[in-house]
Amino acid sequence: MIELKNISKSFWRHEVLRNINLNVETGEVVVILGPSGSGKTTLLRCVNYLEKPAGGEIAVGDFRMDCARAKRGDVLRLRRKTAMVFQQYNLFRHKTALENVMEALLVVKKLPPKEARGRSVSLLEKVGLGDKLDAYPSRLSGGQQQRVGIARALALEPEVILFDEPTSALDPELVGEVLEVIRNIAREGITMIVVTHEMGFARDVANRVVFMDGGVVVEEGTPDEVFQRPREERTKQFLRRITPEANYSI
Amino acid sequence: MGASFDIGYVFSFLPKLLDTLGVTLLIVAGSLLTGIVAGFLVALPRMYKIPVLRALSGVYLSFFRGTPILIQLFLFYYGLPELLKPLGFDLSRAPVMLFVILAYGLHTGAYAAEMIRASVEAVDRGQVEAAYAAGMTPYQALSRIVLPQALGIAVPVFSNLVIALLKDTSLAFTLGVMEMTGKAQTLGTLTQHFVETYIALALIYLVISFTLEKVLLAAERRLNRHEAREERVVRRFALGKRGSYRAALADIETGKGGGI
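Taken in order, these protein sequences are the chains called A and B.
Using the numbering used here, you'd call the opening residue of the first sequence number 795 and step up by one each time.
Using the numbering used here, you'd call the opening residue of the second sequence number 188 and step up by one each time.
Calculated directly from the structure, the hints in this document are not laboratory data.
The C-beta atom is built at its ideal place from N, Cα and C for all residues, glycine as well.
Any given hint could turn out to be false.
[Said to hold, decoys possible] What follows is a set of in silico ranges between Cβ atoms, one per label pair, in the way DEER data are often shown:
hint, chain 1, residue 1, chain 2, residue 2, range
1, B, Leu404, A, Ala853, 49 to 57 Å
2, B, Gly253, A, Pro966, 50 to 58 Å
3, A, Ala864, B, Ala406, 36 to 44 Å
4, B, Arg312, A, Arg871, 21 to 29 Å
5, B, Gly245, A, Trp806, 20 to 28 Å
6, B, Leu404, A, Gly821, 52 to 60 Å
7, A, Pro906, B, Leu208, 48 to 56 Å
8, B, Pro238, A, Pro906, 37 to 45 Å
9, A, Gly831, B, Leu334, 33 to 41 Å
10, B, Gly313, A, Lys865, 19 to 27 Å
11, A, Pro966, B, Val224, 47 to 55 Å
[What the hints assert, rightly or not] No more than 27 Å apart at the CA atoms, straight line, and that leaves these computed lysine-lysine pairs for BS3-like:
hint, chain 1, residue 1, chain 2, residue 2
12, A, Lys903, A, Lys920
13, A, Lys875, A, Lys920
14, A, Lys865, B, Lys236
15, B, Lys203, B, Lys354
16, A, Lys846, B, Lys236
17, A, Lys908, A, Lys920
Go ahead and model the full structure; you've got the sequences and the hints to work with.
In structure tokens:
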């Protein structure tokens, strides 16, 4: 279970996150929506401390951390309980698909090479890249690279996988294959927090939708509640802007 | 003006000059080693923005990049003993080679520092975040993710640096070191066939530079084999699109390669 308590964050004078509270149950898929600049990506990056929150508490599984007093060891422990999939994939460019997945298993988890390799191969097969084990990222399409990124995150067997707009950098025709992979692992009961603009995906896969704006959580609920019966005016506005076709069916 | 030109002398001088090739290469190797160590020491405070050391690095860089190597040689050879005498070190009997390697080494260090910093910063920051997100320590991220890629990026600059150093060592004769250029001076004076000695000398420098360049180019290809070939072609075209060949040259010729 993940628990964020009173997370706050400012860039210079600008308050990006204001006392955010968010709980995610084990196996839950939480989608964070919101206009750009609402702080959703910053919040996600606070969970694994890629952004340093100004204050608040983060708990992942049995590990709890006070952000204001975090030491290097705490940050490392936190990061070893989480994994992240990035908008720009961020694969290690000098390593093959297989080596990308194996890297943290060898270096962080200290698995014997044989075991690391076995686990990595089966994960790459699972995301449909069994035939690309030895390809370098520069030889892979965006969709393929992102699927390697997902396999790399899965390999760590984290308590939660954080998805930071995983399909935003992809060509439209490649979005489907990546969403399909995420959908499949969501069904396996892996805990996920997803920042995305894919409304269809959110509706389809999320257990809970969180709508953020101006650095606060405006509204949260099941996809049905948030999409069909939004309570807050800001949520309604946002949904109108982002899904105009839903309102005018021909 | 010396004796009349005789091409035969060029060939007879070649082996004589090559006798002193070892001295030249010793200066190059010693300075490179010193330079890379100095380069790291200077680059690290600049990369990690360590307050006081960073300012000192800046002074170091300005001095070694802003003054001619010849002056640096003289300053080290004549100045260092004077500077250290009050501290109780007597350098009057120290071998000239020590000063030469120190001066060239620290000179190279300035360019190496900029090479290291630029190469490390050229590795995309997102990969470091990915390494951190996976639970790697900063040292693991640097040694396993950043440095291997920075190495490939650094090779072309390094190649320039080594070749520039090789050519610069020809100034060591001014302190009386009998390296190739010093030897050429002597041969010229003895035989009065100056032009022939310098042709022979130029040939040797040319062959070594050319070989170094090819070897390092091969190393670069190997280190960057993970980058798709197509991309390299695209880059080359992009260079051509800059407009004039002068603009393209200005991009490539960064002096000793450090001046980014």
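Against the structure, the hints:
1. B/Leu404 <-> A/Ala853: 49 to 57 Å: Holds, at about 53 Å.
2. B/Gly253 <-> A/Pro966: 50 to 58 Å: holds (53 Å)
3. A/Ala864 <-> B/Ala406: 36 to 44 Å: holds (42 Å)
4. B/Arg312 <-> A/Arg871: 21 to 29 Å: holds (23 Å)
5. B/Gly245 <-> A/Trp806: 20 to 28 Å: holds (26 Å)
6. B/Leu404 <-> A/Gly821: 52 to 60 Å: Holds: the Cβ-Cβ distance is about 54 Å, inside 52 to 60 Å.
7. A/Pro906 <-> B/Leu208: 48 to 56 Å: holds (49 Å)
8. B/Pro238 <-> A/Pro906: 37 to 45 Å: holds (44 Å)
9. A/Gly831 <-> B/Leu334: 33 to 41 Å: holds (36 Å)
10. B/Gly313 <-> A/Lys865: 19 to 27 Å: holds (25 Å)
11. A/Pro966 <-> B/Val224: 47 to 55 Å: holds (51 Å)
12. A/Lys903 <-> A/Lys920: With Cα atoms ~21 Å apart, A/Lys903 and A/Lys920 stay inside 27 Å; holds.
13. A/Lys875 <-> A/Lys920: The given pair, whose Cα atoms are some 22 Å apart, holds under the 27 Å limit.
14. A/Lys865 <-> B/Lys236: The given pair, whose Cα atoms are some 21 Å apart, holds under the 27 Å limit.
15. B/Lys203 <-> B/Lys354: holds (19 Å)
16. A/Lys846 <-> B/Lys236: holds (19 Å)
17. A/Lys908 <-> A/Lys920: OK: A/Lys908 and A/Lys920 at ~18 Å, within 27 Å.
Checked against the numbered hints above, the structure breaks none of them.
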